[in-house]
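Chains as they are written, first to last, in the numbering used here: chain A, 36 to 257; chain B, 1193 to 1692; chain C, 557 to 801.
One should not assume that every hint holds.
Claimed, not checked - So the derived label-pair ranges between C-beta atoms look like this:
| hint | chain 1 | residue 1 | chain 2 | residue 2 | range |
| --- | --- | --- | --- | --- | --- |
| 1 | A | 77 | B | 1230 | 52 to 60 Å |
| 2 | C | 783 | B | 1238 | 55 to 63 Å |
| 3 | C | 726 | B | 1330 | 45 to 53 Å |
Unchecked claim - 25 Å max Cα-Cα, derived SDA-like pairs, lysine to any residue:
| hint | chain 1 | residue 1 | chain 2 | residue 2 |
| --- | --- | --- | --- | --- |
| 4 | B | 1521 | A | 75 |
| 5 | C | 576 | B | 1640 |
| 6 | C | 558 | C | 676 |
| 7 | B | 1409 | B | 1385 |
| 8 | C | 558 | B | 1239 |
| 9 | B | 1521 | A | 161 |
| 10 | B | 1409 | A | 70 |
| 11 | B | 1239 | A | 161 |
Hints listed in this document are in silico derivations from the structure and should not be mistaken for laboratory results.
All values reported here derive from a predicted model rather than from experimental measurement.
Using N, Cα and C, we set each Cβ at its ideal position, and we do this for glycine too.
Below, each chain spelled out in residue letters.
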Amino acid sequence: MAEPLEPGRIVTGGAPGETARDAVLARIRAVAVPPPAAIPRDYLTSLSPDVDILERFAERVADYRALVHRATSGNLAATVAEALKGRGARSLVIPAGLPADWLIGLGPGIERQSDDPPLTYGQLDAIDAVITGCAVAIAETGTIVLDAGPGQGRRALSLLPDRHVCVVRAEQVVGEVAEALARLDPHRPLTWISGPSATSDIELDRVEGVHGPRNLDVVIVG
Amino acid sequence: MSGSPAGREPLPTFAGTPPFPEAARTALADEQLRRNLRHATTTIRTKRGRAVAERPDWEALRLAGAAIKDDVIARWPELLTQLEANVTAAGGIVHWARDGAEANAIVAGIVRAAGATEVVKVKSMTTQEIELNEALAREGIEAWETDLAELIVQLGRDLPSHILVPAIHRNRDEIRDIFRAEMGAAGRPAPADLSNEPRELAEAARLHLREKFLRAKVAISGANFAIAETGTVMVVESEGNGRMCLTLPETLVTVMGIEKLLPTWRDLEVFLQLLPRSSTAERMNPYTSMWTGVTPGDGPQAFHLVLLDNGRTDVLLDEVGRQALRCIKCSACLNVCPVYERVGGRAYGSPYPGPIGAILTPQLRGIARHPVDEQTASLPYASSLCGACFEVCPVRIDIPEVLIQLRTQVVRQHGWRARTFGEEPVAMRALSTAFANPGRLDLAERVAGGAGRVVGRRGRIGRLPLPGLLGAWFRRRDLPAPARTSFRRWWRSRSSRGES
Amino acid sequence: MKIALFITCFNDLLYPDVGKAVVRLLNRLGHEVEFPEDQTCCGQIHFNTGYRDECVPLVRSFDQAFDGFDAIVSPSASCATMVRHHHETVARHSGDASLVASVAEVSPRVYELSEFLVDVLGVTDVGAVFPHSVAFHPTCHSLRLLAIGDRPRRLLEAVSGLELVELPGATECCGFGGTFAVKNADTSVAMGEDKIGALIGTGAEVLASADTSCLMHLGGLLSRQRSMVRVMHLAEILASTGPAR
Ligand code: SF4
């Protein structure tokens, strides 16, 4: 009979010369585990048709204490300018591929930076705000997903500046998580964002704003 | 965790935790701890109730989640090798580790090769389980925890007590004191006038950690899920410290328990509903990062995935106990557990506390193969079997069923030798014999009835200075005196009088 | 219908009045009850503590004692749970095919008292009189394993004169938990004391439940604290026809 083990000390024996990979796989294969009869997928994968998806999205994003702006293609540039001004941003990083007409409302008070050539992290950290589009947005959970595509930039861009303005076009908003997954490419780096950075680590009380952008503005167009 | 200010004594570990009843006694005596825990668990319980009630399909999601995880275990080798192939094809490097020592050595080797002497860490249960920080410290590498609660634990030279909120046992005043006293030695000091406002405390952490994020060359993370079909790995978090670690350093090392797999991309439609609502009680957690290998020009340019066994294949051995491998570490079972709520996490003697700890730790420590130490053997008994954990578990782990199964393992393997078992095995056998024979039971009842009349007062037995388990009853409780006439005797006399 | 009373070892010795109350109640409702004298213990203590081998003879003797009845009624939700949910596990553990077969025969006929009254007999008003305020503790086994739901409440609400008071945190465990009460006595007592605190806050005269085991624990705490609150089994209230003695 083996000796009782000390807490936290686990020693897994193996034949000499055997790789860890072979050993682990062999240990698993030594036990036959029957598969489940079926995987029941009786859950909801879309919202009921009577839900106004944009309305739901706006409401759920606002629940996270992000600021929600509704815009039309006509007043989008003005809305973006207002959002940035409202957050007191003086400098803005602009990812490659961002539609130029989103920015035509910006006044001279905001210094614009491009990420080409790439900024250093120190430079990015010193910039007040970032503006991006997104790949898809989810109404039910109030989530935007960035996939580093055109108008979004590499991940650091939407991370280091303290203010993030994200423009979401109506046709990018889906109802449920399942629909979002179907639209996304897992081979791209994905960042799912639901409200500003937050923590509940102190007495399980939610506080908005730790390391990620502490201010999130979502502009819904359409 | 000794990857903290140099030149100080090593931080505490779980080694040496006494068996659960003793550890619980100490914890129960700490009034502040009990208040903190009660406040926190009540808050999160209510919130979780709301987040779950919002999904009319919650039960369907649970059933799907359980089945998907069972499928993982049934096809484990196939899915692990599929993950390995897909991560490798996307530019990642996959390592395998039989145990904690192997995993720690792999990680230390990667950090050294990257020319780093410090790492930033995303909160990870797996690296706590293998005591990676301590191992790195022995190699001269400092590991900085960046999750707020982990930072509080690390700076406070403390042990974690909750899966999601490791510093749940601390209130805001204690946290302010720790920040004021300890931040300076680890880097940027806390402002001298720091208050106990959660907002200010979070701001202090932001400033303290920012310089570490910006200069770190290597980050270490765990993984919430990894998708075999695509090679995608993901981390679910709230603060953005995860994004910092997963994005800024040149090298990323992810240490992942081999049970963290999901077969397909689509399976996330289940787990991204189950996890946030069960864990932080939100519709969705603030940030989820997903990456597949390496993306040129974006994020770490070297990605290492360490696949860790460390006892997980032992969990497979018990056909009832193996459902613990479904666990997604949401911590819902802790928050509803009446035992956890009163004694806190550290009494469980492992980074996995509460109901899941009581079933996972003994199995990871090999209870299905050989005797375990007494502390481990006491864990399956750290429950009143009330079933609240099963009710909330998003992957339907029948924790009470597994607890009973593991108790059977404990008794079979070494119950009679364990100090905490006292006279129990003998009593159990005697009871079994008496109960299997109604005549003997009747006699025993008459003896008990007689004894009850001797020690009882007004139908109650009060303080009885008995040793062992029986005495434990009487320390704070009375017992009704056994009846003068048992029901059985009453019935017999009634039928002999011809009543009905 | 041939009805057997499964008194449980616990009630037999410590709470015979509960068994007498069940008999009185069912007789009053016009049903004969038999008490198979070979019955002893369902094996719950052994099973839940990990002594599965020692549990096998108890399951066997249970099935022998209760063979041939249409309904086996028990005033203990946790013992009913043991028979209905776990006897099968024990039988499979024994490897004895005939035991597996007899468990499949006997176990489904076991009813906790309130289930039997409401589901089988179809009554909620049992004609009881009990002019007292009562707080009801819906024990974990009734609630989560047997899922007897609001049946005890419906029965109590129909009792003449009875005032049912809301027990805060009612669904939380009282801390008994079988051998948990002695193996982890400090935690068990801490849980029980919180439950007692909530109870006393309600001002109820009586604490009732469908499990005497939980009542033994809570009653033991109340008695040590010299509280005036009485603990009573659901059956005793339903059998009552006037003020408590
Ligand atoms: S056992 Fe279930 S409830 Fe507990 S942490 Fe794991 S998944 Fe969550």
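Quick rundown of the hints versus the structure:
1. At about 37 Å, the beta-carbon gap between residue 77 of chain A and residue 1230 of chain B misses the expected band of 52 to 60 Å.
2. In this structure, residue 783 of chain C and residue 1238 of chain B break the distance hint of 55 to 63 Å, their C-beta atoms being roughly 30 Å apart.
3. The hinted range of 45 to 53 Å is satisfied by residue 726 of chain C and residue 1330 of chain B, whose Cβ atoms lie roughly 52 Å apart.
4. A threshold of 25 Å between alpha carbons decides the hint, and for residue 1521 of chain B with residue 75 of chain A the separation of about 22 Å falls inside it, so the pair holds.
5. For the given pair, residue 576 of chain C sits about 20 Å from residue 1640 of chain B by alpha-carbon distance, which is consistent with the 25 Å threshold.
6. For the suggested pair residue 558 of chain C and residue 676 of chain C, the alpha carbons sit about 13 Å apart, so the restraint of at most 25 Å is met.
7. Proposed proximity of residue 1409 of chain B and residue 1385 of chain B is contradicted: the alpha carbons are some 32 Å apart, above 25 Å.
8. Among the hinted pairs, residue 558 of chain C with residue 1239 of chain B is inconsistent with the structure: their alpha-carbon atoms are about 49 Å apart, more than 25 Å.
9. Proposed proximity of residue 1521 of chain B and residue 161 of chain A is contradicted: the alpha carbons are some 36 Å apart, above 25 Å.
10. Using a Cα cut-off of 25 Å, the hinted pair residue 1409 of chain B and residue 70 of chain A is violated, with the two alpha carbons roughly 43 Å apart.
11. At roughly 37 Å between alpha-carbon atoms, residue 1239 of chain B and residue 161 of chain A are farther apart than 25 Å, so this suggested pair is violated.
Comparing the model with each earlier hint shows violations of hints 1, 2, 7, 8, 9, 10, 11; every other hint is respected.
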